[in-house]
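Novice: Chains as they are written, first to last, in the working numbering: chain A, 1 to 112; chain B, 1 to 114.
Just so you know, the hints here were simulated from the structure itself, not pulled from any lab data.
Where a beta carbon is used, it is the ideal one built from N, C-alpha and C, also for glycine.
Where hints are given, some of them may not hold.
To be verified - As a list, the in silico BS3-like pairs of lysine-lysine whose alpha-carbon atoms are at most 30 Å apart:
#  : chain 1 : residue 1 : chain 2 : residue 2
1  : A       : K16       : A       : K111
2  : A       : K16       : B       : K13
3  : A       : K38       : B       : K3
4  : B       : K55       : B       : K3
5  : B       : K55       : B       : K70
6  : B       : K18       : B       : K53
7  : B       : K3        : B       : K18
8  : B       : K13       : B       : K53
9  : B       : K57       : B       : K3
10 : B       : K55       : A       : K38
11 : A       : K38       : A       : K111
12 : B       : K70       : B       : K13
13 : A       : K3        : A       : K70
14 : B       : K57       : A       : K16
15 : B       : K3        : B       : K70
16 : B       : K3        : B       : K13
17 : B       : K13       : B       : K55
18 : A       : K111      : B       : K57
19 : A       : K38       : B       : K71
20 : A       : K3        : B       : K55
21 : B       : K71       : B       : K57
22 : A       : K38       : B       : K57
23 : B       : K18       : B       : K70
Said to hold, decoys possible - Distance ranges between label pairs, derived from CB positions:
#  : chain 1 : residue 1 : chain 2 : residue 2 : range
24 : B       : T83       : A       : G43       : 31 to 37 Å
25 : B       : P95       : A       : E26       : 24 to 30 Å
26 : B       : E79       : A       : A81       : 32 to 38 Å
27 : B       : F20       : A       : V85       : 21 to 27 Å
28 : B       : P96       : A       : T9        : 30 to 36 Å
29 : A       : N52       : B       : V52       : 27 to 33 Å
30 : A       : T80       : B       : E62       : 29 to 35 Å
31 : B       : S65       : A       : Q83       : 28 to 34 Å
Each chain is listed here by its residues.
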Amino acid sequence: AQKVTQAQTEISVVEKEDVTLDCVYETRDTTYYLFWYKQPPSGELVFLIRRNSFDEQNEISGRYSWNFQKSTSSFNFTITASQVVDSAVYFCALSETDDMRFGAGTRLTVKP
Amino acid sequence: DVKVTQSSRYLVKRTGEKVFLECVQDMDHENMFWYRQDPGLGLRLIYFSYDVKMKEKGDIPEGYSVSREKKERFSLILESASTNQTSMYLCASRPPTEGFYGYTFGSGTRLTVV
Numbered sequence: 001a002q003k004v005t006q007a008q009t010e011i012s013v014v015e016k017e018d019v020t021l022d023c024v025y026e027t028r029d030t031t032y033y034l035f036w037y038k039q040p041p042s043g044e045l046v047f048l049i050r051r052n053s054f055d056e057q058n059e060i061s062g063r064y065s066w067n068f069q070k071s072t073s074s075f076n077f078t079i080t081a082s083q084v085v086d087s088a089v090y091f092c093a094l095s096e097t098d099d100m101r102f103g104a105g106t107r108l109t110v111k112p
Numbered sequence: 001d002v003k004v005t006q007s008s009r010y011l012v013k014r015t016g017e018k019v020f021l022e023c024v025q026d027m028d029h030e031n032m033f034w035y036r037q038d039p040g041l042g043l044r045l046i047y048f049s050y051d052v053k054m055k056e057k058g059d060i061p062e063g064y065s066v067s068r069e070k071k072e073r074f075s076l077i078l079e080s081a082s083t084n085q086t087s088m089y090l091c092a093s094r095p096p097t098e099g100f101y102g103y104t105f106g107s108g109t110r111l112t113v114v
């Protein structure tokens, strides 16, 4: 069965600090997709990134970067120079077929 | 702009009531999903549907049922609401692509059962 673990329940940082959100997954499939979503205080989940299991290349998008390591079944998310607007709950998710399983989420608070 | 629309943002119902949560998408997606979100538990899959009149149980289907009579609409039904069903309910849709696409989510319905 697929499973996603986000061990960090809450993280608090001061603006401009770098922060890494951890995600560890379990799956028996060789083909799968990993996702990160952001849920700001408004409540609607926003898609951030998708990675397939055959592409371990790290990705950078502005202040966001993702580190995918199959050897440790991890898909970690780093925000560089955090800003107050980054405050949100972040979810990691795993999809093998048409449904998706989510981690419990990490609440990130960025203080000015 | 493509959308998933949930009919109510906030809902208060009494214990024992039959409750309908409605979700409509305008993207012609085959797959639709209902999750509930609780603090510390993340999003848990209740039911999903691959096509009209088809449904599959997710991880926590007890106490819920669903209806998919039209492709664009997926309803979650609480047959007899109980206080432990107080939660945020999220609807999502996606094309049938073996996991490739992410979900498009609705803005959620916060249900309180009193």
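Novice: Decide, hint by hint, whether the structure agrees.
Specialist: Here's how the hints hold up against the structure:
1. K16(A) - K111(A): This hinted pair holds, its Cα atoms lying about 9 Å apart.
2. K16(A) - K13(B): At roughly 44 Å apart (the allowed maximum being 30 Å), K13(B) and K16(A) break the hint.
3. K38(A) - K3(B): holds (17 Å)
4. K55(B) - K3(B): holds (22 Å)
5. K55(B) - K70(B): holds (13 Å)
6. K18(B) - K53(B): Given pair K18(B), K53(B) holds - Cα atoms ~21 Å apart, limit 30 Å.
7. K3(B) - K18(B): Holds, at roughly 27 Å.
8. K13(B) - K53(B): holds (27 Å)
9. K57(B) - K3(B): holds (24 Å)
10. K55(B) - K38(A): holds (28 Å)
11. K38(A) - K111(A): Satisfied, since the Cα-Cα distance of roughly 18 Å is no more than 30 Å.
12. K70(B) - K13(B): holds (26 Å)
13. K3(A) - K70(A): Holds, because 15 Å separates the two Cα atoms, which is no more than 30 Å.
14. K57(B) - K16(A): violated (44 Å)
15. K3(B) - K70(B): holds (16 Å)
16. K3(B) - K13(B): Holds, at roughly 26 Å.
17. K13(B) - K55(B): Holds, at about 25 Å.
18. K111(A) - K57(B): Violated, because 41 Å separates the two Cα atoms, which is more than 30 Å.
19. K38(A) - K71(B): Holds, because 27 Å separates the two Cα atoms, which is no more than 30 Å.
20. K3(A) - K55(B): holds (22 Å)
21. K71(B) - K57(B): holds (18 Å)
22. K38(A) - K57(B): Holds, because 26 Å separates the two Cα atoms, which is no more than 30 Å.
23. K18(B) - K70(B): Holds. K18(B) to K70(B) sits at ~21 Å (cutoff 30 Å).
24. T83(B) - G43(A): 31 to 37 Å: violated (22 Å)
25. P95(B) - E26(A): 24 to 30 Å: Because 26 Å falls inside the window, the suggested range holds.
26. E79(B) - A81(A): 32 to 38 Å: Violated, at about 50 Å.
27. F20(B) - V85(A): 21 to 27 Å: violated (36 Å)
28. P96(B) - T9(A): 30 to 36 Å: Since P96(B) and T9(A) have Cβ atoms about 34 Å apart, the given range 30 to 36 Å holds.
29. N52(A) - V52(B): 27 to 33 Å: About 29 Å separates the Cβ atoms of N52(A) and V52(B), which means 27 to 33 Å holds.
30. T80(A) - E62(B): 29 to 35 Å: violated (43 Å)
31. S65(B) - Q83(A): 28 to 34 Å: Given about 43 Å between the Cβ atoms, the range is violated.
Violated hints, in rising order: 2, 14, 18, 24, 26, 27, 30, 31; the structure is consistent with all others.
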